Amino acid sequence: MNPALSLSEVHSTHAAGNRIKYSRLHYQRRKYTNWIMLSLTGLLTLLALIPLFWIVGYVIYKGGQYINLSFFTKMPLPLGMSGGGVLHAIEGTLILTLLSALFAIPPGVLAAFYAAYKPNTPLGIVVRFGTDVLAGVPSIVIGLFIYALIVKVQHHYSALAGGVALAILMLPTIIRTTEEMLKLVPQTLREASLALGSPEWKTAISVILPAASNGVVTGVLLGIARASGETAPLLFTALGNENYEIGRIVNSGVSAHQNVFTVLGKIFNQPVDSLPLTLWKYAQQPYPERINQAWAAALVLMLLVLVVNILARIWMQIRTSRMQGR
Amino acid sequence: MMNRPQVSSSTLTVGPSLNGFEKKVEIAGFSLYYGKFKALGNVSMTIPANKITAIIGPSGCGKSTLLRAINQMNRLVLNVHTEGQVILDGEDIYAPGADVVDIRRRVGMVFQRPNPFPKSIYENVAYGPRLYGVNRRFELDQIVERSLRQAALWDEVKDKLSHSGMALSGGQQQRLCIARALAVEPEVILMDEPASALDPVATLKIEELMQSLKELYTIIIVTHNMQQAARVSDYTAFMMIDNPQTRTGVLVEYGPTTQIFTQPKNRQTEDYVTGRFG
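Residue numbers (this note's numbering), protein chains in the order written: chain A, 1 to 326; chain B, 327 to 604.
Everything labelled a hint here was simulated from the structure, so no lab data went into it. A quick note: this is a predicted structure, and the numbers were derived from the prediction, not measured. Hints are not guaranteed to be accurate.
As a list, the in silico DSSO-like pairs of lysine-lysine whose alpha-carbon atoms are at most 27 Å apart [what the hints assert, rightly or not]:
no., chain 1, residue 1, chain 2, residue 2
1, B, Lys-364, A, Lys-118
2, B, Lys-349, A, Lys-118
3, A, Lys-183, B, Lys-445
4, A, Lys-202, B, Lys-445
5, A, Lys-281, A, Lys-152
Using the sequences and the hints, build the whole thing.
Rendered as structure tokens:
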């Protein structure tokens, strides 16, 4: 707009219709630009979604053909025979996940508390920086490290070593998500508890953690989802074990009158397989049955992560609505 | 700063000797620093028991800082250090060895925004007593009912004690927070703009509640709302920053509310309460 124009002149220009002509042209151009940009974003969004649906669809198509009940309940059969299942890998995955969650959640959540509430202390800075660095360490390096630290010392591969390796992988995810969630809890909630004379630790456990629990659970589940899909660190640590069957270990332990600790030791302290590890091994073997089972294992792994995610979401939904009293 | 002598003389008029009131909290030459920044400068005032004392003043003048100093909430901020004394029933709460937990039990607090815990109504009120070792159900039931009745909330929530405290309306949440503070049987209740996030009806309820509570408790309230201070309080303290460079909060005038609002001794107080600035 010409600054030299006085207000009355502007009005008279409007009245003459000059501005309306100009603005219609301008409006058309804006409309087309908008349409082009909108189409472009839509198109690229679709493009980004293609790999997702392709992968999911292809795995369901390939794996779905070979999946049946015995795939979940039977142990593998000798090479070349069709049939049999991957019970050993499913049980191994559960054991590894359990161990890694057990090792990673307590220190992860506590470190997150420290980082969230003492961010500017030297230790707080170290926690945050260290977490970022740890998140960038390649998983195979972590496997190698645990190999040197535990496997070499124990002189054998074990679920325990695999669990520790996966726990280290989970730590950054847990710490970072939990920290962010703790920061979202209103400061006034913390003050309300402290103003009643509650000590910090009690406030943390009985007010802040419940208020942030949805986020903390999400963080833990993200960590578990990441760890349960990892293969590389397990190559040096859990190794794999096609004879791993918890039911049989327990039964033989009971019939041999072994005590609980011996049986637990056998469960946790021997090599185990996991679904991704099995997938990796089966997919390289020149037997069509094994290749097909690798596809089926891929499907099971995918479904497992999906089910964990869905269950977590449902649980969170219930909790959130109960907390807000809806 | 030029008004300091006047201020201290007006402070003396509220002494227990003059009005015959029992003194509850005595703030003596109290200064507070956040790092190098002096947020409160040499505040002295005597707060009488079973009265409502309002602290008013423009934003950033240290009202909340002073209020939070009375139950040591300022300990949550790093690099805070204090000079002078805050004396609660003859004991300096800033003396080395003073028990923060005990002080916070005796001096409860209600915050600006209602902040119920994400727990049931019952658990919100029972949280404090549980901290102090009350665990038997019938005792807790009694405390919860008594506190909710005192906070004038019982009739509205007695049938839904297990519902979440977050499901209540804003005004109800604030009364729940008051009930939560009352449950540990404090002697002093600090209120940091307790009605600023509420609608006029809920505000009125809170103000009525304060009148009934002062029988049992000493109430200190920070408010932006001068009408509110005039309506509810017995004594009023007016605070301001000493000058725009240092931004240290000082007590300008303190006295009976009617006097502060009708015949202030200080020119700045008069300008503020008549709405000429702030």
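Comparing the hints with the structure gives:
1. Only pairs whose Cα atoms come within 27 Å are accepted, and B/Lys-364 paired with A/Lys-118 is accepted, the gap being roughly 23 Å.
2. Straight-line distance between C-alpha atoms of B/Lys-349 and A/Lys-118 comes to about 38 Å, which puts the hinted pair past the 27 Å bound.
3. Simply put, A/Lys-183 and B/Lys-445 have alpha-carbon atoms about 19 Å apart, close enough for the 27 Å limit, and the pair holds.
4. Distance restraint check for A/Lys-202 and B/Lys-445: the Cα-Cα separation of roughly 15 Å lies within the 27 Å cut-off, and the hinted pair is therefore satisfied.
5. Among the hinted pairs, A/Lys-281 with A/Lys-152 is consistent with the structure: their alpha-carbon atoms are about 23 Å apart, no more than 27 Å.
Checked against the numbered hints above, the structure breaks only hint 2 and satisfies the rest.
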